[in-house]
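A.B. asks: Once you have looked at the hints, place chain B on chain A.
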Amino acid sequence: MKEINAILTIAHRDLVKLFRDRTRLIFSLIFPFIFIGVLGSSLQSNLSGELGYNFLTFVFVGVLAQTLFQSTASGIISLVEDRENDFSQEIFISPVSRYSIIFGKILGETLVAFAGVVGILVLGVVLQVPLDWARLLTLLPFGLIVALFGGAFGILVMANLGGQRTANQVFPFIIFPQFFLAGVFNPIQNLPPVLLFLSRISPMTYAVDLFRSVYYTGTAAFDKTVIFGTLVNMAAIFVMFLLFFSIGTILFVRSERNR
Amino acid sequence: MDGVSFEVKGGEFFSLLGPNGAGKTTTISVLTTTLNKTSGDVKIAGYDTETHASDVRQNIGIIFQNPSLDINLSAEENVRLHAILYGVFPYRPTYTLMPEAYKKQVMELAELLGISESIHKPIKTFSGGMKRKLEIIRSLIHKPKVLFLDEPTSGLDPASRRSLWDYLEEVMKNENMTVFLTTHYLEEAEDADRVAIITNGKIEMMGTPNSIKNKLLEDHMTIDAKNRSGLKKELDSKKVNYSGVGPFKVSLKKQRAQEIIKNLDTKLSLLDIQRPTLEEAYLQLIQQKIHEGN
Numbered sequence: 034m035k036e037i038n039a040i041l042t043i044a045h046r047d048l049v050k051l052f053r054d055r056t057r058l059i060f061s062l063i064f065p066f067i068f069i070g071v072l073g074s075s076l077q078s079n080l081s082g083e084l085g086y087n088f089l090t091f092v093f094v095g096v097l098a099q100t101l102f103q104s105t106a107s108g109i110i111s112l113v114e115d116r117e118n119d120f121s122q123e124i125f126i127s128p129v130s131r132y133s134i135i136f137g138k139i140l141g142e143t144l145v146a147f148a149g150v151v152g153i154l155v156l157g158v159v160l161q162v163p164l165d166w167a168r169l170l171t172l173l174p175f176g177l178i179v180a181l182f183g184g185a186f187g188i189l190v191m192a193n194l195g196g197q198r199t200a201n202q203v204f205p206f207i208i209f210p211q212f213f214l215a216g217v218f219n220p221i222q223n224l225p226p227v228l229l230f231l232s233r234i235s236p237m238t239y240a241v242d243l244f245r246s247v248y249y250t251g252t253a254a255f256d257k258t259v260i261f262g263t264l265v266n267m268a269a270i271f272v273m274f275l276l277f278f279s280i281g282t283i284l285f286v287r288s289e290r291n292r
Numbered sequence: 036m037d038g039v040s041f042e043v044k045g046g047e048f049f050s051l052l053g054p055n056g057a058g059k060t061t062t063i064s065v066l067t068t069t070l071n072k073t074s075g076d077v078k079i080a081g082y083d084t085e086t087h088a089s090d091v092r093q094n095i096g097i098i099f100q101n102p103s104l105d106i107n108l109s110a111e112e113n114v115r116l117h118a119i120l121y122g123v124f125p126y127r128p129t130y131t132l133m134p135e136a137y138k139k140q141v142m143e144l145a146e147l148l149g150i151s152e153s154i155h156k157p158i159k160t161f162s163g164g165m166k167r168k169l170e171i172i173r174s175l176i177h178k179p180k181v182l183f184l185d186e187p188t189s190g191l192d193p194a195s196r197r198s199l200w201d202y203l204e205e206v207m208k209n210e211n212m213t214v215f216l217t218t219h220y221l222e223e224a225e226d227a228d229r230v231a232i233i234t235n236g237k238i239e240m241m242g243t244p245n246s247i248k249n250k251l252l253e254d255h256m257t258i259d260a261k262n263r264s265g266l267k268k269e270l271d272s273k274k275v276n277y278s279g280v281g282p283f284k285v286s287l288k289k290q291r292a293q294e295i296i297k298n299l300d301t302k303l304s305l306l307d308i309q310r311p312t313l314e315e316a317y318l319q320l321i322q323q324k325i326h327e328g329n
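Chains as they are written, first to last, in my numbering: chain A, 34 to 292; chain B, 36 to 329.
It is worth saying that the hints were derived from the structure and are not from the lab.
Do not rely on the hints blindly, as some may be mistaken.
[Said to hold, decoys possible] Pairs of lysine to aspartate or glutamate, EDC-like flavour, derived with a Cα cap of 20 Å:
hint	chain 1	residue 1	chain 2	residue 2
1	B	K159	A	E83
2	B	K166	A	D115
3	B	K159	A	D119
4	B	K159	A	D54
5	A	K35	B	D90
6	B	K159	A	D115
7	B	K159	A	D256
8	B	K156	A	E117
9	B	K302	B	D271
10	A	K50	B	D90
[As the list claims (entries may be wrong)] Some chain A residues close to chain B (C-beta under 10 Å, calculated; not the full set):
hint	residue
11	R46
12	F120
13	I124
14	S127
15	I134
16	Q202
17	T250
18	G251
19	T252
[Stated by the list, open to error] Here are the simulated distance ranges between beta carbons:
hint	chain 1	residue 1	chain 2	residue 2	range
20	A	P220	B	A136	56 to 62 Å
21	B	S74	A	R55	34 to 40 Å
22	B	E205	A	L284	55 to 61 Å
23	A	I37	B	G328	52 to 58 Å
24	A	I37	B	E204	55 to 61 Å
25	B	V77	A	L284	39 to 45 Å
26	B	T129	A	P220	33 to 39 Å
Using N, Cα and C, we set each Cβ at its ideal position, and we do this for glycine too.
Extracted from the complex, chain A is given alone in its bound form (with noise of 0.2 Å):
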C-alpha cells in the first residue's frame, strides 16, 4: 500500500507541476500544429488523389502516438533536472522501491502527455480533420500502453546522460529521426533496406503503426496504412517495455549511487 501511495504522489508531482507551467502546456502544442496543420494539410491538398485514404487523418492519428511516446518519454528530463537541483535525493532516500519510484515517474508524465493529447484533439476539432470519434475512444487504452512504453524509452535514454545540458541536447537527436522513421507522416510501406533496418528498430515505429492497427481495423485502409497487425505491435512493445524500464532503472540507480 505504502508503494502505491508513493506512485500516486509522485506521479500527483508532475502533473501539478505542468499545470503551474503554462509555456510547456502552449509549448506542447506547436509540433502537432506544425505536423497536422501545415504538413499534414498541404500533403492533403497535393497529394491524396492516389492514396485512397485520408491522409490528414493518418497524420493525426500518426501524431497522436508520437506525442504520447515523446512527450513522456522527454518529461522524464525532469529526472535529470530533479538531480541537478538536488531534489531526487529526497526522493531516492525514502523507504520506497526504486522501480517504484520510477513508474510514478512514468505514470506522471502518462497523465502529463494525456493533458497534451486533449489539445491535439482540440486543434484536430478546430483544423476540421475527418475522424471518426468512436474508433479514437478505443485508442484510449492503447494511448496508456503508449504512454508507458514512452516513459520506459525515457528512462533507458535518460540513464545514460550525465546533465541537463547533455540531455536537451542529444535528446532531440534520439527522438527527431524516429518521426520520420516511424511514419508519423509520411507513409513507410516501402522502404530502402537501409532505412527499413533503422525504420524497424526504432520504438516509436510500433507505437505508431499500434495506434493505427486500431484506428483503421475492419476499414478498407487498414492495408495502405498498417504495416504490422495490433497483436505484433502489442508483442514488440511489451518487450521492449520490460527491457527498457529495467535496465534503465538499474543504470539510473546505479548512477545515483555512484555519484
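C.D. replies: For chain B alone, coordinates are given in the frame of chain A:
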C-alpha cells in the same frame, strides 16, 4: 576512507569534523545508504545499510548539504510528499482531503518554526533560513530515530543560524533523537556529546569536546601590569610557568588561576582566563597533520 570505525549510542549528539575533502560527506552518504561501501559493516538503528536499506531509510532523517526541496511546490506540498513517501499518511490529492492528524502535525511544526503563514506559498519565495527550517520539519514528520545534518547551516546568516540551532536544540531535547552532525562552524559542535575529527579519510581523534581540547591545548590566562618588571620578577620568584615578555601567558595546566593570582601582589591591569575552544583544538590538530605531512 580508511579504517573508519565508530559507534554512536541512541540519543547521542555526535559530530564529525574535518577539512573539505576529508571524507565527511562520503561517510554520511554511506551511513544513509546513498553510497555503496567498498568494505566493512555499517548498521543504523540495528539495520544493515545494504541488506536492509529500506529499513534504514525509514528510520533516518537527513538534512543534505544542498537543499533538496522542490521549488515548484508549496512548503506544505513538499512536506506532504515526504509524509506519503514514508508511509506516514495515505495519498490524497489535496491538502483539504488529508487526514486531520496530518494537518495538525504540519501546523504545529510550522508554528514552532514561525512559518505557518507561508506554509501554502511556493517555496521560491522562501529565504535560505526558512528553506532549511522547512527541510527540518519535513525530515521530522516520519519521526526518525537518527537525524543526519550535513553542514546544515552553511550559507546562512548568523541570525538564521542562531534561530535554526535554537530550534534544533529544542528538537533534540524533546524527541530524544540521535543526531549526527558535520559542520565547519566548530562552535556548533561544542555541545556535542562526542566529536570525531577526520582527515584524509581517517579518524584522527575522537572523544568529548573537552577531552579533545585537553589533549591538544591547555587552559591558560593572560595577565599584565603597569609595573611589568615587577610582575615578571614576582612570577619568576614564585616559579609560575609563563611565556611572553608582557602581556604574560600563564599556563593553567598545573596550577589553578585562583592560586596563582592569590599569590601575586603586583597590581594587575589585565586578567583574562582563556578556555580553549574546539575550533582552536581543531586547528591545532590540522596544523600538526600538515607538519607531519611535510
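A.B. asks: Look at each hint and say if it fits the structure.
C.D. replies: Taking the hints in turn, this is what the structure says about them:
1. B:K159 - A:E83: Cα-Cα ~57 Å, so violated.
2. B:K166 - A:D115: Holds - the C-alpha atoms of D115 of chain A and K166 of chain B are around 17 Å apart, at most 20 Å.
3. B:K159 - A:D119: Given that 20 Å is the threshold and the Cα spacing comes to 15 Å, the pair holds.
4. B:K159 - A:D54: holds, 14 Å
5. A:K35 - B:D90: holds, 13 Å
6. B:K159 - A:D115: Distance ~15 Å between K159 of chain B and D115 of chain A Cα, so the pair holds.
7. B:K159 - A:D256: Outside the cut-off at roughly 54 Å; violated.
8. B:K156 - A:E117: violated, 23 Å
9. B:K302 - B:D271: Status holds; Cα separation ~16 Å.
10. A:K50 - B:D90: violated, 30 Å
11. R46: holds, 6 Å
12. F120: holds, 5 Å
13. I124: holds, 7 Å
14. S127: holds, 4 Å
15. I134: holds, 9 Å
16. Q202: It is violated, given that the least Cβ distance between Q202 of chain A and chain B is near 23 Å, above 10 Å.
17. T250: Since chain B brings no Cβ nearer than about 36 Å to T250 of chain A, farther than 10 Å, the hint is violated.
18. G251: violated, 39 Å
19. T252: With a closest approach of 40 Å, the T252 of chain A hint is violated.
20. A:P220 - B:A136: 56 to 62 Å: Once the Cβ atoms are compared, 60 Å apart, the range 56 to 62 Å for A136 of chain B and P220 of chain A holds.
21. B:S74 - A:R55: 34 to 40 Å: violated, 52 Å
22. B:E205 - A:L284: 55 to 61 Å: violated, 43 Å
23. A:I37 - B:G328: 52 to 58 Å: Holds: the Cβ-Cβ distance is about 55 Å, inside 52 to 58 Å.
24. A:I37 - B:E204: 55 to 61 Å: violated, 38 Å
25. B:V77 - A:L284: 39 to 45 Å: Taking Cβ atoms as reference, V77 of chain B and L284 of chain A lie about 25 Å apart, which means the hint is violated.
26. B:T129 - A:P220: 33 to 39 Å: Violated - the Cβ-Cβ distance for T129 of chain B and P220 of chain A, about 47 Å, lies outside 33 to 39 Å.
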